[in-house]
Structures are given as C-alpha cells and as structure tokens.
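Order-wise, the sequence lines are chains A and B.
Mapping the first sequence onto the numbering used here, position 168 (from 1) lands on 168, and the numbers just tick up by one.
Whatever position you read off the second sequence (first residue = 1), add 231 for the numbering used here.
Derived by calculation from the structure, the hints in this document are not laboratory data.
Bear in mind the structure is a predicted one, so any value in this text is a computation, not a measurement.
Please note: incorrect hints may appear among the correct ones.
[Unchecked claim] With a cut-off of at most 20 Å between alpha-carbon atoms, the simulated EDC-like pairs for lysine to aspartate or glutamate come out as follows:
| hint | chain 1 | residue 1 | chain 2 | residue 2 |
| --- | --- | --- | --- | --- |
| 1 | A | K85 | B | E269 |
| 2 | A | K129 | B | E269 |
| 3 | B | K246 | B | D296 |
| 4 | B | K403 | A | D22 |
| 5 | A | K59 | A | D92 |
| 6 | B | K433 | B | E320 |
| 7 | A | K196 | A | D228 |
| 8 | B | K300 | B | E269 |
| 9 | A | K224 | A | D195 |
| 10 | A | K116 | A | D92 |
| 11 | B | K406 | B | E430 |
| 12 | B | K246 | A | D92 |
| 13 | B | K433 | B | D405 |
| 14 | B | K246 | A | E208 |
| 15 | B | K403 | B | E430 |
| 16 | A | K225 | A | E193 |
| 17 | B | K406 | A | D40 |
| 18 | B | K415 | B | D437 |
| 19 | B | K246 | A | E150 |
| 20 | B | K403 | B | E319 |
| 21 | A | K32 | A | D92 |
| 22 | A | K32 | A | D22 |
| 23 | A | K85 | A | D42 |
| 24 | B | K406 | A | D92 |
| 25 | B | K403 | A | D40 |
| 26 | B | K403 | A | D42 |
[What the hints assert, rightly or not] What follows is a set of in silico ranges between Cβ atoms, one per label pair, in the way DEER data are often shown:
| hint | chain 1 | residue 1 | chain 2 | residue 2 | range |
| --- | --- | --- | --- | --- | --- |
| 27 | B | T308 | A | D220 | 23 to 33 Å |
| 28 | A | K32 | B | L410 | 38 to 48 Å |
| 29 | B | I525 | A | K225 | 27 to 37 Å |
Heads up, the beta-carbon is just placed ideally off N, CA and C, and yes, glycines get one too.
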Amino acid sequence: MAEIAPANFVDQSVVPGDVVLDLTEMANQTIKLGGGLRQDCDAIAAMKAGTLRFSRPNKYWVETSQKRYVPCVEDSVLGIVVDSKADNFLVDIKGPSLAFLPVLAFEGGTRRNIPKFEVGTLLYVRVVKANPAGGKAAEYGSLKDGYMFECSTGLSRMLLSSPTCPVLAALGRNISFEIAVGLNGRVWVNATEADKVIIVANAIMNSESLSGVQQIGMVDKLLKKINDLAT
Amino acid sequence: MVMRQIRAEIGVVAKADGSAMFEMGNTKVVAAVYGPREVQNRSQQLNANALVRCEYTMANFSTGDRMRKLKGDRRSTEISLVIRQTMEECILTNLMPRSQIDIFVQVVQADGGTLSACINAATLALANAGIPMRDIVTSCSAGYLNSTPLLDLNYIEDSAGGADVTLGIMPKLDKVTLLQMDAKLSLDTFENVMQLAIEGCKAVADYIREVSAFHFLFFFSNDKLSIVDHVDEHCLLSTYDGYYWRTQSNCSIVEEHSFIAWLATLCRCGVLYGSKLGSGPHLVAVLLFWILKIVTWRKLVNFND
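Bound conformation, chain A alone (with noise of 0.2 Å):
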C-alpha cells in the first residue's frame, strides 16, 4: 500500500478504502478517530464516502452526509410513531431499527394514564441510548400542525451549528417562523400562514451545497420573487 501523507486527504473526498494516514510514519502519537473511519493494522482507512476533515491537535474524521440516520446518544431527532405496544411506542428515525420511547417518559405519565399517540403521529425526541441494537428515545414533545420534510443529515447538521446558519439568519429577519431540526434528516416548519411555511422549506432544500454567502443570496432572490408576485 502506498504511504499517504495525511496533508494530501484533508479536506479531500475519499471513497471506502483510501488509506488517510499511516501510522508507521506517526509513532508516540495520539490519534483520536470520528466516524467513517477504520483501524486497519497500520493504516487508517475510510469506509465512507464523503470528505476528510480534521481538528486541531489530533481529531480525524470523514464528513458525509447521506440520507440513513445512525443514531447516536444525546443527539435530538424527529421521529414518527410506528406502533405502539404495552410499555413503550416504536418511533421511526429513520436509523437502522426502530426505537422505543418508553411511555413513562412523558410528565404525568403512569400506566393508567398513557398519552395517546396515533400511529403517524410526528414527535421530537431525543435518543438517550443508542448501541448497535437499537436506540431508546425520550420525548420532547409532540408537533402540531406544521409541515415536515426530509432532507440529508449533512444539512441538518449545518443547520443546528453554531453561530446561526446563514439560511435560517436570513430567513429569519423577513420571515417569522418555528423550527425543529432532527439530526436524522427530518426537519419541520411552523409559520401563521400555509405560504410561509413553503417558502421556508424551499429555501432551505436548496441551500445545501451552498455557501454562506450564497445562501444568503439565494434567500434575498427567493423573497424578492415573492414579493415581486405579490404587488
């Protein structure tokens, strides 16, 4: 296998399989490893698709941004109700396998007194326990109204970053609205009116490759359209 510098990958797109780092050449080093990447004896591979980042002093991962959820502990998603049995509801978030949201959860929630929740209904969740089996949920609360769309988790986590993403900072200066971001890829908008709500959903899907300055370029000429149509 050839020796790859770590400088050539960073902030390159890699594909399953591309050696990052060799550790041959690092010896007395602490590396730390996110996600999408793999101990191979000596080498550091990715089994991701997607673009080599690193943090300063010794954080490697890869960036991608796909359409599956893999869930991981305190990390706030949008889940639909599947089922529900005797202790618990089976939530969908869009991972692996179904969570379980156990119905003593809920404040004022005993055995006699169990929240009715319709198959189908929208909940924002936290994921409190994630192994590999499967993740136990605790609830936030259920959303009303509103409209829910999906969209990839590399943009739900632009979207929750902080400081303000550039998109919802413009939005939010012309448009008054609410928002719950799943880090699954579920995302809902709550506005006083139907138009609102779309123009919101629609800005947001488009800004997904762009930059920040773009995105707030793209916001401008969306509401200029608008307006335009609407005088």
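Could you slot chain B onto chain A? The hints should help.
Quick look at chain B alone, frame taken from chain A:
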C-alpha cells in the same frame, strides 16, 4: 488493452437511500440500495450482523428481443446470489447488527458484461447510501478470442465461443472477491487474461473515485438539473433557471450563470451530436470552457479574501 467507454451517475433513484447508474459501452444498469433498515422478516434476522439481500432483474426491453417474465428464473437467481456474496464481503456488516440492507439491480440495456456493470453500480450505490465498506469492489470481464486476450467483452464477442472471465477485486486491499469463468482456458492463457482483467478493474476504480469526488458538486440539489459536461472539478449544468458553470473549492460552490455558459452548452451539444474533434464547434467549446474557468477562478480569488 482498451475497454469500452464507462459512465456513471449517482443519485438517480430519488426514493432510495443510495443509487447509481453505471454504463459500460452499451450496457446500462441501475442499482438502488435501501438500508440499513429494520428487518422485514423477523425469522431471518441476524443478531451479530446486518442481513444483505440482493435482487437482479433484467428489464423486458433490455435485450434485442423483448423477453417475457424474467424475475425468478434460474439465471437471475444465480446472478443475484453472486452479487450478494461479492458485496457482502466488502460491507462491514458487524457494525449494523439486526438490520437489513437491500440492493436492487436492474439491467436497462444488455450488451455483454452485465454482471460487471451490476457490481460496479452496486458499489457506487452503497457508497452513496453511506454504508460502511472495507473498500470499493470493481469488476471487469475479459476473454480470449482468436488467440488474443480481450478486455470488456460485448454481447457479440461473448457469444463467439471463447472464454469469458469475470473478475471482481477490491483495488486498495488487492484482494479478489469474485472470479468466474465460462468455457476452458489453459493455465498460462488464464494468467494473461486475469492480469488484463485486473488492469481493467483498476481503471474502473480510478473512474469511480473521480465520479464520487465530482458528485459533491451537485448532490441533493432540488433543481431539475442536467449535467451537460464536466471537466476536472468543474461542471456545466442546465437547470430550469438557466445555464450554470459550477466549480467547487474548499467545499463552497461558485456558480457563473450566463450567456457564456449557454453558448458553451450549445457548442458542447453540437460536438456530441456529430461534429468531429478539432472542428469548429469543438474548438469554440474548448475556448468557452477556458473563458469560464478564468472567470470563476477570479471570482474564487475574490471569494476567499
């Protein structure tokens, strides 16, 4: 040796978690991957690994004569099994226990080498779906006709009676995951043919790497866009909004939509539909691409300040 022209597109099936279309010459194949998701048949659930299922079908209109019912016939079942075993080798199934990964491959146009095209398409679709893999699997077929080793046989060469070796390798790990042959070959001829197939697989792997890197330029865009052409890391697109020339640098995208992009599209289409290399429209297209590259380069420089 020269193989047929290959072309790939990622993200062709909107509903699937990952999908790809792969063409080798006239053979076109579409692969769609769903997963990892909840196992649908509880009895088949594996407690330590993910369950990989694969289905290979040929469309009725894919061969010269229209075929009748083809799903579930013996050849399809065998090829489904072969693809499943090949892909299962490279997927890290122990990371996703109790889940299921479905790979659906359909041949849209068949002209020899369908198994290879299916494996290549499945690899791209799995990478698109973000399923952890040890390495990509690329595949190519080679044969021996009239005392000549041939790379990437089409239907006519395949049915001429010589041997047909299909090889699937993991290029970075240098391991063979699939080796299949019809007919007979002497051992030294086989060595030559296999070496040729390995080179073909490595060429496919380079192309797949290029396509994956390039995919980030327009991934998940909701516009109805079609890519007219791409040169290195730039691409010429047409959307309902206009014509764009897109460049990626440090994961930000610079777009230049203009008259120049529209002209370049026209010239490129002219080149595609008949004019020869070196003729008028081709030279004009090359010139326009250079102008676009310079314009976006200047914009990038201003951008990064």
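Do the hints match the structure? See the list:
| no. | hint | in the structure |
| --- | --- | --- |
| 1 | A:K85 with B:E269 | holds (17 Å) |
| 2 | A:K129 with B:E269 | holds (17 Å) |
| 3 | B:K246 with B:D296 | violated (30 Å) |
| 4 | B:K403 with A:D22 | holds (14 Å) |
| 5 | A:K59 with A:D92 | violated (32 Å) |
| 6 | B:K433 with B:E320 | holds (18 Å) |
| 7 | A:K196 with A:D228 | holds (15 Å) |
| 8 | B:K300 with B:E269 | violated (30 Å) |
| 9 | A:K224 with A:D195 | holds (14 Å) |
| 10 | A:K116 with A:D92 | holds (17 Å) |
| 11 | B:K406 with B:E430 | holds (13 Å) |
| 12 | B:K246 with A:D92 | holds (17 Å) |
| 13 | B:K433 with B:D405 | holds (10 Å) |
| 14 | B:K246 with A:E208 | holds (18 Å) |
| 15 | B:K403 with B:E430 | holds (13 Å) |
| 16 | A:K225 with A:E193 | holds (18 Å) |
| 17 | B:K406 with A:D40 | holds (15 Å) |
| 18 | B:K415 with B:D437 | violated (31 Å) |
| 19 | B:K246 with A:E150 | holds (11 Å) |
| 20 | B:K403 with B:E319 | holds (17 Å) |
| 21 | A:K32 with A:D92 | violated (31 Å) |
| 22 | A:K32 with A:D22 | holds (14 Å) |
| 23 | A:K85 with A:D42 | violated (48 Å) |
| 24 | B:K406 with A:D92 | violated (38 Å) |
| 25 | B:K403 with A:D40 | holds (12 Å) |
| 26 | B:K403 with A:D42 | holds (14 Å) |
| 27 | B:T308 with A:D220: 23 to 33 Å | violated (56 Å) |
| 28 | A:K32 with B:L410: 38 to 48 Å | holds (39 Å) |
| 29 | B:I525 with A:K225: 27 to 37 Å | holds (31 Å) |
This entry does not satisfy hints 3, 5, 8, 18, 21, 23, 24, 27, going by the numbered hints stated previously.
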